[in-house]
Amino acid sequence: MKFTLTMSGADLLLLLPEILLTTWLCVVLAVDFVWPQLRKDRLAYLSVGGLAVVLVTLFWFDLAGISGTLFKHMFVVDRLAIFFKILIVGTTLLVILASMDYVRRFRFFRGEYYFLVLMSALGMMFMSSANDLLSVFITVEFSTFGFYVLVAYLRQDLASNEAGLKFFILGIFAAGLLAYGISLVYGETGKIVFSDIASASATPGLVIGFLLIFAALGFKIGAVPFHAWIPDTYHGAPTPITAFLSIAPKVAAFAILLRMLFVSLATFKPAWVVLLVAVSILSMTYGNIVAIAQRNIKRLLAYSGIAQIGNVLIGLAAGTKMGSDAMLFYLLTYLFANLGAFAVVIAVGNVIRSDEIEDYSGLNRRSPFLAFAMLVFLLSLAGVPPLAGFIGKIYIFLAAIDEGLYTLIVVGLINVVIALYYYLVIVKKMYINEPVDPSPLRISGPMTAVVYVGLAGTIILGIYPRPFIDWVVGATLMFSNLVGPTASVLPPTVLPFGG
Amino acid sequence: MVPLSYYVILSAVVFITGVVGVLIRRNIIIILLSIELMLNATNINFVAFSHYFQNIAGQVFVFFALTVAASEVAVGLAIIIALYRSKSTINVDEFQLLKW
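Chains as they are written, first to last, in the working numbering: chain Z, 1 to 499; chain B, 1 to 100.
Be a bit skeptical, because a hint or two may be false.
Computed footprint of chain Z on chain B; a stretch qualifies when at least three of its residues, placed anywhere within it, have a C-beta under 8 Å from a C-beta of chain Z [said to hold, decoys possible]: (1) 39-47; (2) 57-71; (3) 77-85.
Here are a few chain Z residues that face chain B, going by a calculated C-beta distance under 7 Å [said to hold, decoys possible]: (4) F109; (5) Y148; (6) A152; (7) R155; (8) L165; (9) F173; (10) S183; (11) G190; (12) V263; (13) G362; (14) G404; (15) Y406; (16) T407; (17) I409; (18) V410.
Honestly, the hints are just simulated from the structure, not real lab data.
Remember, it's a predicted structure, so these values are computed and weren't measured experimentally.
Just so you know, even glycine gets a beta-carbon here, dropped at the ideal spot from N, CA and C.
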């Protein structure tokens, strides 16, 4: 039982983006500490600068094709991990820009806010690189700790505290399930690296262990039936954190799910396809139906987010190379549209101090730009051509058709219609109803920038998706050996739970 | 020599006690304690399996699990204190401001 650790300079290079971000978040904390008079806007720009450097490094990694594993295969750098890291760092950058006005509402600890956001981003970057069960556990917890604090950040606001508590209790409960599941898998196989587990046979311990792990990851992505924390947490949390929470941790959790299902459990594909199809149908239907009844825009976006996750799961359920491509592309379109929609909610909420859908009446009179942006984002989320969401949905449905998952596609198409209905209700309020207070809304420079980035992403991905499709196809090359057998060819003994 | 299955049964019992505690108790501190039980059940499993396989990875995991549990309590108690200051109760049923 001897443990040796040898590292060279080339090994450290693989960690460069994480090292840069770690250094930078220490700098941000130190600057806030030694220079308390500094305006917090400056701190935000400092954080954004650091994230931009990390983003450039990641793009360089992607172009140069740098890859490898570290720490006995705990940490992997490949194009898939880099793709997810780019998504996470990009989201963080936009969220920090979008929170600059909101931060004035905090009475205490305005500087630490940026530190905590950066720290969560660092945790999620490690999540995208997790390649064994130990790093899954540590990175999932590491990224969530920052969020527990951030959700409860409005100290004097009871709703924020309550949201923090609910998120915390369900979050650590999921951590307990995750840890126990990992211990069972370790007990059955004696291995923790994903690729080593692949040779395992289906024993009761392994099945229960993986079910517990998937339950915990289901909490992270907020799929039905593990969605209980989503509406309350989204509602009570500071709006920029809601935006962050609705994208980044889910993206990172999908990185883990993708590796776990496609690498460790490739042989049990028929079993997990059944599970994923069920979860996907439940998430889409439940999210969309409950969203219709919502009066608060944050809650509505929470439920529509649950439904969107159901859509992403279709790609995962297809279980092929094309399915994973479609999933990555869908996450990209979801990032722009959802972040953009939340940016509009933040901008409006900063002025009118309300998130009720009723208060969006006549938004077109008060700010034609915000109303138009919201229209584009909602239509993209619904999947209307020629916006990004349309290409995303088509891509994911095509991947499912190839695998013969027709039930899933029918349910998905019905849900597109339901979603369009409640998105259009908001559009009607914004464009047709009369505003109570017709004074124009003022929005700040950084906020406008975020909305423009969202608009640009949503429209470009919709009308010229080619380079982005090439990018996601390149990112999942490691799965190109996956040509799944269809369910009818399989012997009945492997159904339903790999047992 | 105690057989491996005894440890696994012990940890399963501790884990289920924890899960049931989270589900039925209404005091947040007790819920936190129950979650600690769940994590410690994991630790029993890991140490037992690690010894059985003569493989160090399980024991390494235990150290990380302990660290995670400690930081969880730190964050969790801070949130609970903030809530207690504004509501003077730590019964989860009292927190129902946010609803459907």
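Hint check:
1. 39-47: holds (count 5)
2. 57-71: Holds, because 8 residues of the region 57-71 of chain B bring their Cβ atoms closer than 8 Å to Cβ atoms of chain Z.
3. 77-85: holds (count 5)
4. F109: 12 Å, violated
5. Y148: 5 Å, holds
6. A152: 5 Å, holds
7. R155: 6 Å, holds
8. L165: 6 Å, holds
9. F173: OK, holds: F173/Z within 7 Å of chain B, min 6 Å.
10. S183: Nearest chain B Cβ about 4 Å off; hint holds.
11. G190: 4 Å, holds
12. V263: 18 Å, violated
13. G362: Violated - the Cβ of G362/Z stays beyond 7 Å from chain B, reaching only about 27 Å at its closest.
14. G404: 37 Å, violated
15. Y406: The hint is violated - Y406/Z has no Cβ within 7 Å of chain B, the shortest such distance being about 33 Å.
16. T407: Status violated, d = 29 Å.
17. I409: 30 Å, violated
18. V410: 28 Å, violated
Hint compliance for this structure: hints 4, 12, 13, 14, 15, 16, 17, 18 are not met, and every other hint is.
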